[in-house]
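Residue numbers (my numbering), protein chains in the order written: chain F, 662 to 1169; chain E, 11 to 338; chain D, -18 to 215.
For the record, the hints were derived by calculation from the structure and aren't laboratory data.
Warning: the hint list may mix true and false statements.
Stated by the list, open to error - Calculated pairs, BS3-like style, for lysine-lysine (alpha carbon to alpha carbon, straight line, at most 30 Å):
{"no.": "1", "chain 1": "D", "residue 1": "K51", "chain 2": "F", "residue 2": "K673"}
{"no.": "2", "chain 1": "D", "residue 1": "K101", "chain 2": "D", "residue 2": "K82"}
{"no.": "3", "chain 1": "D", "residue 1": "K107", "chain 2": "D", "residue 2": "K82"}
{"no.": "4", "chain 1": "D", "residue 1": "K101", "chain 2": "D", "residue 2": "K51"}
{"no.": "5", "chain 1": "D", "residue 1": "K89", "chain 2": "D", "residue 2": "K101"}
{"no.": "6", "chain 1": "D", "residue 1": "K(-13)", "chain 2": "D", "residue 2": "K82"}
{"no.": "7", "chain 1": "D", "residue 1": "K89", "chain 2": "D", "residue 2": "K51"}
{"no.": "8", "chain 1": "D", "residue 1": "K107", "chain 2": "F", "residue 2": "K1064"}
{"no.": "9", "chain 1": "F", "residue 1": "K1064", "chain 2": "D", "residue 2": "K82"}
{"no.": "10", "chain 1": "D", "residue 1": "K82", "chain 2": "D", "residue 2": "K51"}
{"no.": "11", "chain 1": "F", "residue 1": "K673", "chain 2": "D", "residue 2": "K82"}
{"no.": "12", "chain 1": "E", "residue 1": "K312", "chain 2": "E", "residue 2": "K161"}
{"no.": "13", "chain 1": "D", "residue 1": "K107", "chain 2": "D", "residue 2": "K51"}
{"no.": "14", "chain 1": "F", "residue 1": "K1064", "chain 2": "D", "residue 2": "K51"}
{"no.": "15", "chain 1": "D", "residue 1": "K159", "chain 2": "D", "residue 2": "K101"}
Said to hold, decoys possible - Each pair of labels, with its calculated beta carbon distance range:
{"no.": "16", "chain 1": "E", "residue 1": "D238", "chain 2": "F", "residue 2": "V962", "range": "19 to 27 Å"}
{"no.": "17", "chain 1": "F", "residue 1": "A910", "chain 2": "E", "residue 2": "Q338", "range": "31 to 39 Å"}
{"no.": "18", "chain 1": "F", "residue 1": "S789", "chain 2": "E", "residue 2": "D157", "range": "14 to 22 Å"}
{"no.": "19", "chain 1": "F", "residue 1": "D1063", "chain 2": "E", "residue 2": "V106", "range": "26 to 34 Å"}
Note that the Cβ used here is the ideal one computed from N, Cα and C, for glycine as well.
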Amino acid sequence: MAQRPVTINPTKPGGIAVGLVLALTLGTLGAVAWRADWGCGLGAADWAAVRFTVTQALVSAGLSCLLAIPVARALARRRFWGRSVLVTLLGAPFLLPVIVAVLGLLAVFGRNGILNDALGALGLPEVSIYGFHGVVLAHVFFNLPLVTRLILQGWLSIPAERFRLAASLDAPVGRLLERPMLRTVLPPAFLIVFLICLTSFAVALTLGGGPRATTVELAIYQALRFDFDLGRAAMLASIQFGLCSIAAALAWRMTAVDGFGAGLDRSVDRWDGSRWGDAVVIALVATFLLVPLIMVIVRGVPGLLELPADILRAALRSVTIAIISAALCIGLTLALALRGGRIVGLVGVLPLASSSLVVGTGLFLLVYPIVNPAKLALVVTALVNAVLALPFALRSVAPAVDKITSDYARLGAILDMSTWVWTTRVILPRLRRPLGFAAGLAAALSMGDLGVIALFAGDAQETLPLAMYRLMGAYRMDAAAGAALVLLVLSFALFWICDRGGRVDADL
Amino acid sequence: MMKPIILTTVAGLCMATAATAETPVLTVMTYDSFTSEWGPGPAVEAAFEDTCACDLQFVGAGDGAALLARLQLEGPRTEADVVLGLDTNLTAAARVTGLFAPHGVTADLALPIAWDDAEFLPFDWGYFAFVGNAGADAPTSLRALADSDIKVVIQDPRSSTPGLGLLMWVKAAYGDDAGQIWADLADNIVTVTPGWSEAYGLFLEGEADAALSYTTSPAYHLIAEEDDSKVAWAFDEGHYMQVEVAGKVASTDVPELADQFLAFMVGDVFQTIIPTTNWMYPATTTVDGLPEGFDTLITPAKALLMSPEDALAARPAALDEWRNALSQ
Amino acid sequence: MLICEKLELTQGTFQLSADVRFAEQAITAVIGPSGAGKSTLLLAIAGFFAAQTGRVLLNDVSFMSAVPGKRPVSMLFQDNNLFPHLSIFENVGLGLRSDGKLNVADQKSVLSVLDRVGLKDMADRKPGALSGGQQSRVALARLLLADRPVVLLDEPFAALGPSLKDEMLDLMQEMLVKDAGATVLMVTHDPADAQRVADHVAWVADGVVHAPRPAAAIFADPSAGLRNYLGKMG
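With the rest of the complex left out, here is chain F (with noise of 0.2 Å):
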């Protein structure tokens, strides 16, 4: 190739974010096969295991994604009262601690929930959401709104020009603009999602209602908690690391280049769809989304009364390891991005199949020799919760750089810009958006760890999510509750600040 590309990215402080992310997923998976005993190797029940993770992970996957596009074309047509609030709603199923969105769901679908309560009233036989296809609910749940999330900053990126045009042409703007813009967005947004479902745990078997529903992660939660066989962890955790790299390569050979060309920034105004097909569906993505969530709130308030005092500091440490948390994964977020690369799309996806129970316990195990855990607890966690959120940062933010790169690379390179003005001049102030979604997801997601934390923390270092996991322990079911709902509210809160910062568009 004689055309020469155009390096004004920099490199260097990409490699280190290389290096550090490898340590943390591998390094960690090595510390724990390091250590263990090589017994006997897995058992058929293991294989079932893998088996039904994937079906459920694939499934799961490919009904999100499905479901996302008539309700991301929806959102970017229409506006509305009450939009910029439910585009950022869109973030709240994802950051919920898993049993209080599990719970919420429940109080809709379950047995003793309002659809069966409806049902019953009318007459109709009672839904069990039990089973393969109320795992594959509670995966929708969450993740639809982040597959919704992406496409529509896909939409937001195709020009406005191309819109007029299409729309003076009188052209369908399905096959032109749509599809196009969906090979590059859908085949990353599958194998997100795909690799949360794949590492699920506590949804897969709360709702799958018995052991066959059981995926690799709680295979592994079993052998390194209960039967301390740290071989057959490490062996799972590989295999889950293996499905990972398979998804990862196929999703690639989908993803076409985007070639659209820069907009200038303008908003985007179209004249095509039904007004009320679009009403529907975003009226019934809303409820879909809204109504378990409206229960978790509901069930919470009366249990604030019963918090005990010691909240306020468990949130208020939570609270600070989040905001360290997302500054961390920003910064390995740009270092990779500016990268580019393959290896950088690889790493950016391995954090999502590593199992954070093998990430935390490695950890330890490398940690412990040297210095008690508990000090590190902090900076540790917000380490590890800064690398599990990359996955969705990168692909937040990597795109962005991309285009910005392709669009302005030459213009920087022949008025002799260099990496650093290059890098704080052009490249930052136009990835306000992406950025801002990154770290409130990161933040938000970090409220929300139960994983390395419980680990390393001594008593003296709880946060949120645990002091709820020990109110639960306790009886103290309703006071458990109001914790969710200030989890809810902080978690959503720290989203909401990061994400105002470059929300839809900043024109709008």
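Fit chains E and D to the known structure of chain F by using the hints.
Okay, now just chains E and D, sitting in the frame of chain F:
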């Protein structure tokens, strides 16, 4: 003339500060709900520090199974001096690690079964039971439950100690017929949760008629919430016990203090704290007896408990049976 | 004088040879059929396309080893010539200093060149608020300020209407050649552009960049290929 006075004063000060700087620390690793604000932890800490001239520090490590895993992760270098909160399903595996030393405490225990274990000393116990709503249909045996249409929620024996308890319960009561019971129970089970909190939460939300819990759960609702709507179902086959134990870590740097704590643990002060904080029966008979409300609890006719070694040996086969029966 | 010395550009099946000299302080129009490599030639001179062999010299100094920003070359592309998130003032200022840190004297220069193109009042606006013609003028202003000896234009005015395009070409000729004395290479699809402002014309076809000939002469007596091309354009 001044010099000796100054020297003695300085020496005295040094010794005093040295003495206060050297308050021994006893580290007790236990499960999270023990150390929480409404668990036994705070009261135990206050009471023990009164008698020991030491600093008692708790380290919370999840639940019982997580406790053992954490200990194994840390190995002999662990800072824990006492591990409190394992149950009999875990003691065999714990013994094998070689991390525990004999406790050497003899106590007048009040368990329904005879206790003879050199490394592990019980501090409380309870019976597993299905807890349902008062006034609803209550089956009188596992068999009756399996034959009925009643819906229950249970925990996964692969990730939860009560789940494992139920597994052992069915095994102890039915032996080789356990698989058949599980097959019959399959249609009664709404779902299987990873832990106790989720299952009990689902039950309280009305998703099932009962959840697997302890005979002492209704006591919590009665005493703490003045709510008498929950009852435990008494089963004819007997109920499986959960005996929670503590052990002294072999590599402890304060062995006398650890011994002192274990003795304190089976003493009256500690045992009186247990019922309304940990919601289990105390391991010894306390001077004041049980709190009011505990007398309303069911007392099973038969107490089932497999020895730790038998439980460990039976587990893999029992798990397979369970998994096969429920996967149909 | 800008010299392409035995320049060979290849990429896959594409191949272009250039062994030509471009007159200084003059506009040379680069014309030819689609795919002939007109833009590629400019990219190679600018440093965005690596030549197989050969070199490019300005006043007998080769700048092949320099990165695009360090070459004595300014370039306008077909689009994306302005940063949409920076003001007009800042965009033009980049012509003076790539980090945008302008001292008082620099700021005065920016304002004066904006005044020259009649956009001084718009200095604080962003490109999105300007029309296509105005954006082109801003880009020209930056070129003027950057004051580099070689200016490469890859059809930057193609999207403007005919009269606006002519206006831009005239402005460009006045500012860059008459005032600044730059060597301008201009790729165009419209021979009328060449006839309007070009001093010389370089015909690119069949894998060769032919030596530039004076505009009047080439249009009076075109080669066979050029005649064919012009005939098609009617």
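We went through each hint and held it up to the structure:
Restraint check for K51 (chain D) and K673 (chain F): the C-alpha separation of about 22 Å stays at or below 30 Å, so the hint holds. Note on K101 (chain D) and K82 (chain D): the hinted pairing holds, with a Cα-Cα distance of about 19 Å set against a maximum of 30 Å. Simply put, K107 (chain D) and K82 (chain D) have alpha-carbon atoms about 18 Å apart, close enough for the 30 Å limit, and the pair holds. As the CA atoms of K101 (chain D) and K51 (chain D) are separated by approximately 29 Å, the hinted pair is consistent with the 30 Å bound.
The suggested pairing of K89 (chain D) with K101 (chain D) holds, with an alpha-carbon distance near 11 Å, which does not exceed 30 Å. Distance hint between K(-13) (chain D) and K82 (chain D) is unfulfilled; the C-alpha atoms sit about 40 Å from each other, more than 30 Å. Taking the CA atoms of K89 (chain D) and K51 (chain D), the gap is about 25 Å. The hint holds against a cut of 30 Å. Our distance criterion of 30 Å between C-alpha atoms is met by K107 (chain D) and K1064 (chain F), whose separation comes to about 20 Å.
About 26 Å separates the Cα atoms of K1064 (chain F) and K82 (chain D), which keeps this hinted pair within 30 Å; it holds. With a C-alpha separation of about 18 Å, the suggested pair K82 (chain D) and K51 (chain D) falls inside the 30 Å cut-off, and the hint holds. The straight-line distance between the Cα atoms of K673 (chain F) and K82 (chain D) is roughly 26 Å, inside the 30 Å bound, and the hint therefore holds. Restraint check: the Cα-Cα separation between K312 (chain E) and K161 (chain E) comes to about 25 Å, which is no more than 30 Å; the hinted pair holds.
A C-alpha spacing of about 27 Å is found between K107 (chain D) and K51 (chain D), which places the hinted pair at or below 30 Å, so the restraint holds. Restraint check for K1064 (chain F) and K51 (chain D): the C-alpha separation of about 24 Å stays at or below 30 Å, so the hint holds. In summary, the hint linking K159 (chain D) to K101 (chain D) is supported, as the alpha carbons are separated by about 22 Å, within the 30 Å threshold. For D238 (chain E) and V962 (chain F), the Cβ-Cβ distance of about 25 Å falls inside the hinted range of 19 to 27 Å, so the restraint holds.
Range check, A910 (chain F) to Q338 (chain E): Cβ separation about 37 Å, and the 31 to 39 Å hint holds. For the pair S789 (chain F) and D157 (chain E), the supplied restraint of 14 to 22 Å holds, since their beta-carbon distance comes to about 21 Å. The given range of 26 to 34 Å is broken by D1063 (chain F) and V106 (chain E), whose C-beta atoms sit roughly 55 Å from each other.
Checked against the numbered hints given earlier, this structure breaks hints 6, 19; the rest are met.
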